[in-house]
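Protein chains: 2
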Amino acid sequence: MSNPRKTFHLNAFLMGVGHHEAAWRHPRTEEHRVLDVEHFRELGRIAERGTLDSVFFADGLAVGPRIKRNALAVFEPVTLLAAIATATTHVGLIATASTTYNEPFNLARKFASLDHISGGRAGWNIVTSGSEDEAFNFGYDAIPDHARRYERAQEFVDLAVRLWDSWESAAIVLDPETGIFADPDRVHTLDYSGERFRVRGPLNSPRSPQGRPLLVQAGSSESGKEFAARSAEAVFTAQRTIEEGQRFYRDLKSRLPRYGRSADDLKVLPGLVPFIADTEAQALALEQEFTDLISPDYALRQLSTLLGVDLTEHALDAPLPPLPAESEIEGGKSRFTLVKELAEKEELTVRQLIGKLGGGRGHRTLAGTPEQIADDLQAWFEAGAADGFNIMPPYLPGGLEDFVDRVVPILRERGLFRTEYTATTLRGHYGLEPVESQFAANEIAATA
Amino acid sequence: MSNPRKTFHLNAFLMGVGHHEAAWRHPRTEEHRVLDVEHFRELGRIAERGTLDSVFFADGLAVGPRIKRNALAVFEPVTLLAAIATATTHVGLIATASTTYNEPFNLARKFASLDHISGGRAGWNIVTSGSEDEAFNFGYDAIPDHARRYERAQEFVDLAVRLWDSWESAAIVLDPETGIFADPDRVHTLDYSGERFRVRGPLNSPRSPQGRPLLVQAGSSESGKEFAARSAEAVFTAQRTIEEGQRFYRDLKSRLPRYGRSADDLKVLPGLVPFIADTEAQALALEQEFTDLISPDYALRQLSTLLGVDLTEHALDAPLPPLPAESEIEGGKSRFTLVKELAEKEELTVRQLIGKLGGGRGHRTLAGTPEQIADDLQAWFEAGAADGFNIMPPYLPGGLEDFVDRVVPILRERGLFRTEYTATTLRGHYGLEPVESQFAANEIAATA
Ligand SMILES: Cc1cc2nc3c(=O)[nH]c(=O)nc-3n(C[C@H](O)[C@H](O)[C@H](O)COP(=O)(O)O)c2cc1C
Ligand SMILES: Cc1cc2nc3c(=O)[nH]c(=O)nc-3n(C[C@H](O)[C@H](O)[C@H](O)COP(=O)(O)O)c2cc1C
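Chains as they are written, first to last, in UniProt numbering: chain Z, 1 to 448; chain C, 1 to 448.
Rather than coming from a laboratory, the hints here were simulated on the basis of the structure. Keep in mind the model is a prediction, meaning the values are calculated, not measured. Cβ atoms here follow ideal geometry from the backbone N, Cα and C, with glycine treated the same way. Please note that the accuracy of each hint is not assured.
Derived coverage of chain Z by chain C (criterion: at least 3 residues anywhere in the stretch with Cβ under 8 Å from a Cβ of chain C; other residues may be distant) [as the list claims (entries may be wrong)]:
(1) 28-40
(2) 114-127
(3) 262-270
One side only, chain Z facing chain C, incomplete, derived with CB under 7 Å [claimed, not checked]:
(4) A62
(5) P65
(6) R200
(7) S295
Turn these sequences into a full structure, and let the hints guide you.
Given below as structure tokens:
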């Protein structure tokens with residue numbers, strides 16, 4: 001990674017036995033493994049065999065009444081990643097956690113803990129939780145307002161960073177001779193008092209190997225992009241065409257200078273659901289097998305939530321009913337717009353739309369040979385539409401194995417991806433150093 | 001365990017490199033291992049070699065300004081236990097978590113996750129967080145009132161139980177043929193609306209192997225005992241003499257019938273810090289080595305917090321200053337009283353008191369041969385002062401190894417402790433079955 005422009009980043013976005021809605025019904029998966037921690041540990045090892053930067057787990061704090069999702073996150077991601085950490089040595093471990101329904105102190109501590117346990121491999125996908133079902137589980141009558149959620153997210157993350165910084169790396173002394181465990185002058189009380197939070201600090205965890213987890217963001221609305229530009233180091237996003245990808249990429253990067261950051265400080269990783277086979281025809285046939293297994297019942301409930309209209313009684317072979325404007329959506333704005341535009345542009349019936357969304361809920365699906373997949377990634381990368389990719393295997397573990405064992409070698413041959421790990425931390429895979437405490441810096445300045 | 005009256009329970013209460021305040025300064029420990037997850041995984045394996053019921057981690061949500069503790073919990077317990085789960089197969093995994101500074105939905109989910117990851121070995125030590133330092137990290141100006149904390153704890157636990165029960169064990173269908181992932185009639189919306197919480201449910205996790213974690217409680221105040229009598233399945237407690245132990249034991253057990261429970265439904269586990277050596281003289285000398293390593297500085301700060309008076313400027317060789325009454329203490333009431341009575345009864349100077357508390361912060365310390373330790377445990381058990389013990393090794397891993405390899409074999413020979421595991425879940429070690437959902441029972445009643 002001597003030239004960060006030349007190689008790209010690969011994250012494995014893992015979900016149950018695969019991203020495809022119907023993955024668990026397909027013979028390539030063993031459906032009961034959604035409940036088996038060993039399945040996930042194995043996925044971690046496969047990702048590591050492919051020298052991927054990281055594995056990543058999404059999360060939602062509700063399943064809703066009558067089980068809207070048929071692939072649900074059984075495990076709380078940080079706990080699950082702690083179990084995966086002990087099965088792996090290099091691969092980064094990114095967990096989703098909500099700033100809307102957590103306390104900063106608890107969450108900062110949890111990620112510090114994961115970073116310690118994994119020897120510096122933790123990442124945090126920061127989300128604001130855009131579903132009504134989640135709001136109902138935390139005492140709300142409706143989704144908290146979109147703008148307010150992002151305001152809270154910003155204060156939350158700024159505070160979490162201070163909490164991680166409350167311990168300088170030199171704070172731990174552990175000198176049995178003098179009996180000094182920690183140097184109190186290097187452990188900082190914050191006395192933080194902001195609009196939403198008051199926290200004295202310090203954090204109850206010594207500084208972790210990376211200083212703080214890699215900060216990742218995954219909302220693409222206006223507020224989401226602004227938040228990412230200020231605070232994130234990587235962005236997951238759903239982009240359907242190379243042109244849209246380029247636009248999003250330029251848009252995000254152009255926001256960075258306002259925060260004193262440069263284009264390299266924030267990596268953009270669009271998602272891709274790859275169906276891989278020996279020939280393109282076989283890959284397309286494989287994708288079709290999955291599409292054919294979708295239960296419209298579940299899919300309609302998910303789509304209804306996403307679009308803010310009740311489609312459960314809507315005719316499958318009719319076009320969508322009129323949809324609200326993005327401004328009326330309090331949940332995920334960018335995904336709403338992506339799906340709305342897709343349906344309108346391609347004049348899809350509800351059934352066709354469900355088929356298109358089955359693979360990755362709006363993320364781009366590509367069926368092809370290993371070479372075709374590699375060509376596509378290279379094209380996006382070279383066109384300035386991506387700094388790397390969020391690989392979303394439609395079925396697991398097979399879909400991840402195919403990517404790691406068939407696509408990654410091609411990317412390596414082309415010099416687009418690392419052939420071995422050159423670091424043991426997630427920040428290291430991104431070419432970043434561990435972060436020192438902001439308070440340590442001040443002190444040096446003060447004594448200089 | 002055919003006769004639960006005849007054998008007892010053993011929990012390993014683990015802390016850093018040992019319970020003794022000065023453990024990390026003693027040559028029997030490697031101080032840097034407080035930061036090493038492999039140290040803790042090894043402890044799990046040692047406990048399992050001894051067929052112990054469980055390992056347990058305490059937790060506090062603050063270190064306070066200027067680092068009051070010299071042995072701090074680096075890792076968040078649930079995350080740490082997920083890492084230990086993958087290094088072990090049988091031993092129970094008990095994590096402390098606060099009902100005062102968590103959300104019921106998040107915590108219920110975390111324990112469900114640990115129970116899934118460990119195949120049914122999770123336990124929850126329910127605490128209400130009695131320190132001011134913790135309150136300051138969560139937006140409070142003072143410790144929330146003791147009685148209110150326990151009221152919240154009660155509502156919290158009742159709600160957590162409902163959340164775990166929101167999925168019946170038969171809810172997961174996973175039938176690829178019909179495409180039915182979960183049976184929505186067996187996943188229950190709660191629409192819970194109580195004094196402090198409103199949660200719609202269901203939980204975002206299928207029922208875990210044990211149905212719910214083993215519920216453990218560790219406060220011994222009047223409110224704490226009442227709470228335990230109603231909701232806990234095991235109680236950790238600090239009792240200094242066999243007579244006090246008997247009184248506490250009878251007191252707790254006598255409260256159970258009021259809640260429709262019998263004496264066997266709640267196990268009482270007093271703590272013991274064992275110093276083990278070939279001869280009693282050697283064991284006492286070993287204990288003295290640890291006492292001599294205590295830094296009064298740290299110890300005074302801890303004692304000040306515990307007693308609610310500032311002792312940091314107090315003469316070490318003077319008796320304690322006048323102390324407040326228990327009713328004025330908003331933190332841990334029972335520990336306050338235990339320490340106050342100890343100091344008064346034995347007319348201790350501050351220095352002597354610090355020495356006595358060094359091993360286990362008020363828990364009983366016993367220095368002796370393996371036989372003496374075994375005799376003592378047997379005496380407490382047979383006198384009706386304990387259903388088992390919370391073993392608190394003063395240094396780690398050595399102190400746990402000595403207990404497992406030298407004391408456990410004697411207990412086994414005497415028929416007081418299991419020779420092998422007869423179950424793979426923590427509830428199983430307690431002779432309990434997995435718990436079925438309360439909603440499943442109702443349904444059967446309704447259709448009967
Ligand atoms: C790859 C990817 C993963 C995401 N994962 C989650 C997740 O796990 N949990 C969540 O609440 N939101 C997740 N989101 C974000 C939501 O989809 C949604 O964008 C967000 O709640 C609000 O963002 P917006 O309104 O800024 O678009 C993810 C988004 C992307 C692109
Ligand atoms: C063995 C044992 C372990 C305990 N562990 C914790 C702990 O990890 N965290 C905590 O906040 N309180 C813990 N406590 C409880 C406190 O010491 C204190 O008793 C509690 O906060 C309030 O209880 P009380 O006022 O009912 O006595 C523990 C108690 C015992 C006996």
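Results for each hint:
1. Closer than 8 Å: that is the beta-carbon criterion, and the region 28-40 of chain Z has 5 residues meeting it against chain C, so the requirement of 3 holds.
2. Counting residues of the region 114-127 of chain Z whose C-beta lies closer than 8 Å to any C-beta of chain C gives 3; at least three are required, and the coverage claim holds.
3. Here's how the region 262-270 of chain Z fares: 0 of its residues keep a CB closer than 8 Å to some CB of chain C, so the rule of at least three is not met and the hint is violated.
4. Hint status for A62 of chain Z relative to chain C: holds, with the closest Cβ pair at about 6 Å, below 7 Å.
5. Interface restraint check: P65 of chain Z against chain C, minimum CB-CB distance 5 Å, threshold 7 Å, status holds.
6. Given hint, R200 of chain Z at the interface with chain C, holds; its Cβ is 4 Å from that chain's nearest Cβ, closer than 7 Å.
7. The beta carbon of S295 of chain Z comes within 4 Å of a beta carbon in chain C, closer than 7 Å, and the hint placing it at the interface holds.
In summary, the one numbered hint that this structure violates is 3.
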